[in-house]
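**Student:** Sequence:
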Amino acid sequence: MFVLLARSQGGVGFIFLAAASGLMIYWVREVRLMARSDERKMAKEIEQKDWVYDLIKDNDEMVFVAEVPGPEDQISVRLTGGLLRIKGGQNFTRDVPLELTQEMDISDYKYRNGVLTVKIQKI
-18 MFVLLARSQG GVGFIFLAAA SGLMIYWVRE VRLMARSDER KMAKEIEQKD WVYDLIKDND
42 EMVFVAEVPG PEDQISVRLT GGLLRIKGGQ NFTRDVPLEL TQEMDISDYK YRNGVLTVKI
102 QKI
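In this note's numbering, the protein residues as written are -18 to 104.
No lab work stands behind these hints: they were computed from the structure. A hint or two may mislead.
Unchecked claim - Here are the in silico distance ranges between beta carbons for each label pair:
{"hint": "1", "residue 1": "Arg93", "residue 2": "Gly3", "range": "54 to 60 Å"}
{"hint": "2", "residue 1": "Arg21", "residue 2": "Pro50", "range": "16 to 22 Å"}
{"hint": "3", "residue 1": "Arg21", "residue 2": "Asp76", "range": "18 to 24 Å"}
Unchecked claim - Simulated pairs of lysine-lysine, DSS-like, Cα-Cα distance not exceeding 30 Å:
{"hint": "4", "residue 1": "Lys91", "residue 2": "Lys38"}
{"hint": "5", "residue 1": "Lys68", "residue 2": "Lys38"}
{"hint": "6", "residue 1": "Lys103", "residue 2": "Lys91"}
{"hint": "7", "residue 1": "Lys68", "residue 2": "Lys91"}
{"hint": "8", "residue 1": "Lys68", "residue 2": "Lys100"}
{"hint": "9", "residue 1": "Lys68", "residue 2": "Lys22"}
{"hint": "10", "residue 1": "Lys100", "residue 2": "Lys38"}
{"hint": "11", "residue 1": "Lys68", "residue 2": "Lys103"}
{"hint": "12", "residue 1": "Lys103", "residue 2": "Lys38"}
As the structure is a prediction and not an experimental result, all values here were calculated from the model. Just so you know, even glycine gets a beta-carbon here, dropped at the ideal spot from N, CA and C.
Taking the hints into account, I'd like the entire structure generated from these sequences.
**Tutor:** In C-alpha cells form, the structure reads like this:
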C-alpha cells in the first residue's frame, strides 16, 4: 500500500490507503463475528450432550428420572413409537429412545423441584 501511496501524487494515494484500511477493518470484524457464532453453536451442542438421565428397567415397568428446566405447567411428556419426548421451559426438548419389547405406555409422571419422574408400564 505504501508503494502505491509513494508513486501517486496528491490525495489519491491517501484515498486508496483509507479505503484499503476500511476494508481490512471490516473483514477483521466479520471474521471475529463468524468465530463467535461458531463458538456459541459448539457450546450449545456440548450443553445438549451433557444432559444426564436415569432409566431403571424391570420386566413390566421402566422408570425415567431426569432434571428438566421450567415451571410445571410447561412440562410435557409423550411416548410415541419407542421414543420418549420431553419438553420443558427455555426451549428445552429432548428425545430419548427406549427399548420397548411389549406394548407399554406412560402410567404416571411427576415433576418436583426440577426433577421429572416418568413411570412407563406394560399395558
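**Student:** Run every hint past the structure and note whether it holds.
**Tutor:** Now the hints, each set against the structure:
{"no.": "1", "hint": "Arg93 <-> Gly3: 54 to 60 Å", "result": "holds, 58 Å"}
{"no.": "2", "hint": "Arg21 <-> Pro50: 16 to 22 Å", "result": "holds, 19 Å"}
{"no.": "3", "hint": "Arg21 <-> Asp76: 18 to 24 Å", "result": "holds, 23 Å"}
{"no.": "4", "hint": "Lys91 <-> Lys38", "result": "holds, 18 Å"}
{"no.": "5", "hint": "Lys68 <-> Lys38", "result": "holds, 22 Å"}
{"no.": "6", "hint": "Lys103 <-> Lys91", "result": "holds, 18 Å"}
{"no.": "7", "hint": "Lys68 <-> Lys91", "result": "holds, 14 Å"}
{"no.": "8", "hint": "Lys68 <-> Lys100", "result": "holds, 16 Å"}
{"no.": "9", "hint": "Lys68 <-> Lys22", "result": "holds, 21 Å"}
{"no.": "10", "hint": "Lys100 <-> Lys38", "result": "holds, 10 Å"}
{"no.": "11", "hint": "Lys68 <-> Lys103", "result": "holds, 23 Å"}
{"no.": "12", "hint": "Lys103 <-> Lys38", "result": "holds, 12 Å"}
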